[in-house]
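Student: Reconstruct the complex from the two isolated chains, following the hints.
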Amino acid sequence: MTFLDAFRRSVGAIVRDKGPVMPATVAVVVYCFLYPLPYLPQTVRDIPVAVADADTSALSRELARNLDATRELEVAGVTRSVEEALPLLRSGSIGGIVSIPDHFERDVRRGSPTGVTIMGDGGLVVLDGTLLSSAGQTTAATVAPLVQARLARSGLPEGTLQASDRALPEFVKQPLFNVVDGYQSYVVTASMGLIILQLLTIAIAVVVGTWCEKGEWPIAIRGRLTPAAFLGMVAAFSVFSVCGILFWSGFVFWYHDLPRAANVGGVVAFALLYAAAISGFGVALGAWMAERERALQFVAACSVPLLMFSGFAFPVESFVAPVRWISMLFPSTPGIRGFIALNQMGARLDEVLPQIVHLAVLTAIFLAAGWLLSSWRTRQGHKNLQDGGTRTAHDGAIG
Amino acid sequence: MGLAGIRAACVRELAYLRTHPWDLALATWFPVVVLTVTWAIFSPGVATQLPIAVVDEDHSPGSRRLIVAIEAVRSSRVAERPATLEAAWPFVRRRDVYAVVHIPADWERRARRSDRLPVVLYTNEQFHAAGSSIGPDIASAVRSVIGQDTLTGLAHLGGGISGAEHRADAVRVELRTLYAPQLSLERVLAGTFLPAILHLFVMGAASYAIGREFRDGTARAWLESAHGSIAAAMTGKLLTVAVPGLVLGLGIIAWFAGYRGWPVDGSLALWSLGMLTLIVACCAVPALFVGLTGTLRLALSAAAILNVTAVAFAGLSYPFVSMTTAAKVWASILPFRYYFDIQQQQWFLGAPASASAHDFAVLWVVFIAAPLAVALPRLRALCHTPEAWGRR
Chain D
1 MTFLDAFRRS
11 VGAIVRDKGP
21 VMPATVAVVV
31 YCFLYPLPYL
41 PQTVRDIPVA
51 VADADTSALS
61 RELARNLDAT
71 RELEVAGVTR
81 SVEEALPLLR
91 SGSIGGIVSI
101 PDHFERDVRR
111 GSPTGVTIMG
121 DGGLVVLDGT
131 LLSSAGQTTA
141 ATVAPLVQAR
151 LARSGLPEGT
161 LQASDRALPE
171 FVKQPLFNVV
181 DGYQSYVVTA
191 SMGLIILQLL
201 TIAIAVVVGT
211 WCEKGEWPIA
221 IRGRLTPAAF
231 LGMVAAFSVF
241 SVCGILFWSG
251 FVFWYHDLPR
261 AANVGGVVAF
271 ALLYAAAISG
281 FGVALGAWMA
291 ERERALQFVA
301 ACSVPLLMFS
311 GFAFPVESFV
321 APVRWISMLF
331 PSTPGIRGFI
341 ALNQMGARLD
351 EVLPQIVHLA
361 VLTAIFLAAG
371 WLLSSWRTRQ
381 GHKNLQDGGT
391 RTAHDGAIG
Chain X
1001 MGLAGIRAAC
1011 VRELAYLRTH
1021 PWDLALATWF
1031 PVVVLTVTWA
1041 IFSPGVATQL
1051 PIAVVDEDHS
1061 PGSRRLIVAI
1071 EAVRSSRVAE
1081 RPATLEAAWP
1091 FVRRRDVYAV
1101 VHIPADWERR
1111 ARRSDRLPVV
1121 LYTNEQFHAA
1131 GSSIGPDIAS
1141 AVRSVIGQDT
1151 LTGLAHLGGG
1161 ISGAEHRADA
1171 VRVELRTLYA
1181 PQLSLERVLA
1191 GTFLPAILHL
1201 FVMGAASYAI
1211 GREFRDGTAR
1221 AWLESAHGSI
1231 AAAMTGKLLT
1241 VAVPGLVLGL
1251 GIIAWFAGYR
1261 GWPVDGSLAL
1271 WSLGMLTLIV
1281 ACCAVPALFV
1291 GLTGTLRLAL
1301 SAAAILNVTA
1311 VAFAGLSYPF
1321 VSMTTAAKVW
1331 ASILPFRYYF
1341 DIQQQQWFLG
1351 APASASAHDF
1361 AVLWVVFIAA
1371 PLAVALPRLR
1381 ALCHTPEAWG
1391 RR
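In the order they appear, the protein sequences are chains D and X. Letter by letter, the first sequence follows residues 1 to 399 of the working numbering. Letter by letter, the second sequence follows residues 1001 to 1392 of the working numbering.
Any given hint could turn out to be false.
Said to hold, decoys possible - To give a feel for the contact side, a few chain D residues facing chain X, derived at Cβ under 10 Å:
| # | residue |
| --- | --- |
| 1 | ASP5 |
| 2 | ALA58 |
| 3 | ALA69 |
| 4 | GLU72 |
| 5 | GLY111 |
| 6 | GLU293 |
| 7 | ALA313 |
| 8 | PHE319 |
Stated by the list, open to error - Simulated coverage check for chain X against chain D, where a stretch passes if three residues somewhere in it have a Cβ under 8 Å from a Cβ of chain D:
| # | stretch |
| --- | --- |
| 9 | 1048 to 1056 |
| 10 | 1116 to 1126 |
| 11 | 1172 to 1186 |
| 12 | 1200 to 1211 |
| 13 | 1244 to 1252 |
| 14 | 1310 to 1316 |
Unchecked claim - Here are the computed distance ranges between Cβ atoms for each label pair:
| # | chain 1 | residue 1 | chain 2 | residue 2 | range |
| --- | --- | --- | --- | --- | --- |
| 15 | D | VAL268 | X | ALA1326 | 32 to 38 Å |
| 16 | D | ARG106 | X | SER1332 | 43 to 49 Å |
| 17 | X | TRP1029 | D | ILE221 | 50 to 56 Å |
| 18 | D | LEU385 | X | ALA1004 | 41 to 47 Å |
| 19 | X | ALA1388 | D | MET328 | 44 to 50 Å |
| 20 | D | THR56 | X | VAL1078 | 47 to 53 Å |
| 21 | X | ALA1221 | D | PRO87 | 54 to 60 Å |
| 22 | X | LEU1292 | D | MET328 | 40 to 46 Å |
| 23 | X | ALA1326 | D | VAL172 | 31 to 37 Å |
Hints are computed from structural coordinates only; laboratory data are not their basis. What you are looking at is a predicted structure, and each value in this text was computed from that prediction instead of being measured. Here a beta-carbon is modelled for each residue, glycine too, at the ideal position from N, C-alpha and C.
Chain X with its partners taken away, still in its complex shape (with noise of 0.2 Å):
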């Protein structure tokens, strides 16, 4: 594999994005769009002042105290006041409220003879995002409000309020979230999907670049601008779609490390690596899917596949330790899977680089070197088998 055929093979592929628009478009420009509108979506960080309502059936001073409670909490903000829950439901089915807080008849007065009803908190879960916002600084609004008349009602044993907070608070349990104590969505989804979302347009472009010399009937012209030698080929071809990729990766892990300021606990160099690695899996993947079809169409669906499930089993939005084993065993398949266990251990745990040695290994070896061992020499194959070509 000589630097004159890489070259010639990249100069090649660049002449001809030149005059693609729709490759050059999703290769480059086209990522940046979607990357940045992703983020977007997430900036906010957390969601506030999303509409519930209340509906009190009390109209007690107990009562009106609690709505001034829930009305001061951020991530909620009262929408509508029904009079009863039957009215409440429409609002609920037309999506104006996510939430509605019940307030039963005789609330206060059954709480003054210790034989108090709950204070209901009905959240829509088909919105489950913004139902698990609304949940706790509800619950703890109402627990607060509650808290106040057991205070009151322990001070009857001596000490006054202050003997009373004493025997209440002698146990405590501290809820701590490490790593990103701040909760922000942006940096924990954002921070996910935008490595997910570049990692399916490399895969898409790399699977485009080499499937379509096949379907056009230019591989022999593919391998011969790289002077006969197939890595050399495959190597100028990808390095326009790795390098911009590469760029946009590490412009990812920057914006979020530099310019929003997220600490980086690990290490800032394996995080890139391991970028790296996996812009060079998004390229591997598709020469073996190429290599094993002959056919675009089969390579692009075979790398859809894989792609548009990652984000699902990478262990984000459900627990990887709770999914069934078919479930673990689908995401062992997956690349991003290993590359979203290193940007959890670099970015967020601070973890030494032993431990992500394990992930670099399947990356390297199992969606870098075996599908490039495979590829190769079918690619080579097929670039000299004209009635191969062609297939849509």
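If we strip away everything but chain D, and leave its shape as in the complex, we get (with noise of 0.2 Å):
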């Protein structure tokens, strides 16, 4: 079996398979819409709030329609005490609790001191630390005039105060890459390369796991699997894993506008290597269940872990040791970090030669293990058919 025979046979294991093709071509596609859809709107925004006015006095309504005229905000009701507002909070109808204490207009013109208290519900992260982050800002720019005024009366120079009102701000915090700050920019970018490998490992492995029920390799000859034959199921398989990476990162970043400072070249090379790196894993995991649908339900399952690893929501700097080593022997962790870097951030390939090394060393290992495997599988169904064809028990129509 020649290496380009062995291609043509498995790239039609995929595409004339309605259970690998699937995975491998129409999912790639459906995913790119489905996976950003609870992102779209990149922002967080129209988080209802309760304003709980004891004051009720003109500084403390004005607080409350600069609180609703704001994107993260949406006033849902107005109380006169914080207990009134907590069965909402408590129900999950709004997500926070502006609180303007008694007397508060007065006392700020006075200088007495005074406060308004800003609660979030600290369950969700998100939504809590953009609630307490606008309704600050917002609730420090309504009460500023009123203190620059007092300011002024207490004996401010009046050039001093308006050297204050055109000054910069003194601290200015600036995003890089995801200039937009959005979760749709930070989330799917990081995902691909996990959708990616779940997908395309899924399709590998319904197509090897179908391959040893039958006991039959299109690609071995009398159950021998020769090297340019397994190279070539490799790079067969390959092709679909690079296909759906330049389909992430060309179209799908272009359609929602995700960040692309793309090292293009870079995005292919790296591509190529996880490509190999996928095809490797897959094939070893497939030969290893021999079961067609058994994939299904593994890789679906290890979804979270795996994206977690890459140490996108949580950084790898504070992982504990096991979690970093455990993390090490999956090719997304380094396919993730590699692909964010080149995509996103548009890192020159020695700038991710971390990267490039750890995943080289994976796909050599998966490939090594994907051989071995298939070899033995090979052999094994062979051996099998001829001692009396004992295929296993969930034969059936397969397409």
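Tutor: Laid out in structure tokens, this is it:
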């Protein structure tokens, strides 16, 4: 069996069978519309809050209006006390409470100590952080003119106040790469590496699992798998992974207007390596499981830890040592980090050298594992057929 | 549906599991491994000592004071001190640092002339979690240093520093994170991801357990083992999936609320009932998929599509209220979303039982009763239709 024959037969094994062709092609496209769906607005907006207004003054009403005018917040109701608003928070109807104390406006004008308390639902970290930040800034901006007027009355030179008005902010937070600070830009770009890995691993493992069940590998002759045939199969499977990565890096990121500082050449080179790693991983897994449908059950259940290993939701520097070691065993870990650096951060290949070396080592390991397991399965399948065709119990109509 | 039928179907299933290590592993010990590793990822609770770079182009006593304040914050450590911003970017692209603090030239001198330049924090928002930990800490360090200079200015108005503090702090804005003031990602993220992962395993195992009877052509033997009752056959079979799932689910609750000591502000019983309901739903929904398709692969695919989007659409990583209508519609067909509401209400919010009634009702009616009402007659018919078996 030559490299090209094995390549052709392996491509055919995917495209002529509904089992693998759906995850390898259709799901790659469907996921680019489904997965970003919750994050489409990019930034958090319209969080319902209650204003517990014990003051009912012009200033407190102005604060409520200003809160409602922000993109992030929406005043869902005004109560006289925090106690009245708490049931709304407990039932999940609102995400937080802005509490304005009695005599708030009078105290602000006099310079007597007073304060606004802003409370957020800590069970939802993203909502809580946005609410506290937005409501805090709005409150400070609302009381600022009155505070300035009081400082002027207390003797601060007018020139100083005017200079203060014109002054630049003392601190600026500038997001890099994901310049809109968007959740879609952050989550979807990181997830690409995992989505491709999972879908293609499933597709490859379905093909290999099917061959194992039948005991007949179309790329093996009399139970013997040659290195050329194995590499032809790996190359064929890798084509689907590369196409998936290029579809996401090219079309999907453009379509959803996600950060693209793309180092195109670097992405292609890294995609080739990642695709080979996926092929090795998928072949090894499929040959180990030796069951057509098993990968669908197994791979889907592992999605959360595989994504978290990349460190995009919790920094790797904070991982405990055993987690760091385990995370290094999966191609998605260097894959996700490498693609973010190349696609979104515009890194040069030498700047992702640690990910390239890590991925190359994993690729070699998984290809070796895939080769050993495939060779063993082909020999075992051939022997079983010669011994009287002891195929697995669950033969059925495939395709 | 007799107890004898349930028992017989259960015994048959257990005998199968004893001889099929993959099925046994994916219903029992493998989920324990994945859950443990996932918890361990978030076990540090908060991110600390994340590497950042500081570019000090001012080289003044004030900028050095600012750097000392920055070095003192919990979330970050100054790992690099490049001379210019240009020299800092490669550190960012290599992910050697998550953020760069830039103190511009003339920063202190211009601040003295009331013509200050801003200190700029550049955060790598492709790693938003790191940036959101570092940002508030650096901001507060900068404001604390600048605030001292402001106080010195206000002290000239009389009353000294105490008078200045009185003027500057007359209006306070207090920010309070309710229910989880520790801001522990172990509680918030692991607390959500663990039940989500468990429901992926239970739904996959239930799909496999039912679907393989039709794949392998053993459906009639399965039905006959339960004395011809499809309800008994299903109950007996799915007990081998639901019981380990429930044990693990209650184990998750016991781990967080008991061993780890995170308080339950609502009802522990309702939270546990919510977990039971989720596990039962994760058995009922796959029954519907197998009943409608008669194919293990399609049932697993449908369960996988439903499952892997569960966390994203639940409202944890992005607030539900901010989602588009299409996203809200998709979220409404995911059983995990309703369990997530129950968990939030009973673990964090201390909500009354009435607040969770709607979510319980949806889970029991839409994701348990309705799927079973459709699935049981379909599965019974399929058990008597050998020509429909073996589809892959």
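Student: None of the hints should be skipped; say for each whether it holds.
Tutor: Each hint, compared with the structure:
no. : hint                             : in the structure
1   : ASP5                             : 25 Å, violated
2   : ALA58                            : 16 Å, violated
3   : ALA69                            : 17 Å, violated
4   : GLU72                            : 9 Å, holds
5   : GLY111                           : 5 Å, holds
6   : GLU293                           : 5 Å, holds
7   : ALA313                           : 5 Å, holds
8   : PHE319                           : 7 Å, holds
9   : 1048 to 1056                     : holds (count 4)
10  : 1116 to 1126                     : holds (count 11)
11  : 1172 to 1186                     : holds (count 12)
12  : 1200 to 1211                     : holds (count 7)
13  : 1244 to 1252                     : violated (count 0)
14  : 1310 to 1316                     : holds (count 5)
15  : D:VAL268 x X:ALA1326: 32 to 38 Å : 33 Å, holds
16  : D:ARG106 x X:SER1332: 43 to 49 Å : 48 Å, holds
17  : X:TRP1029 x D:ILE221: 50 to 56 Å : 39 Å, violated
18  : D:LEU385 x X:ALA1004: 41 to 47 Å : 42 Å, holds
19  : X:ALA1388 x D:MET328: 44 to 50 Å : 46 Å, holds
20  : D:THR56 x X:VAL1078: 47 to 53 Å  : 48 Å, holds
21  : X:ALA1221 x D:PRO87: 54 to 60 Å  : 55 Å, holds
22  : X:LEU1292 x D:MET328: 40 to 46 Å : 41 Å, holds
23  : X:ALA1326 x D:VAL172: 31 to 37 Å : 35 Å, holds
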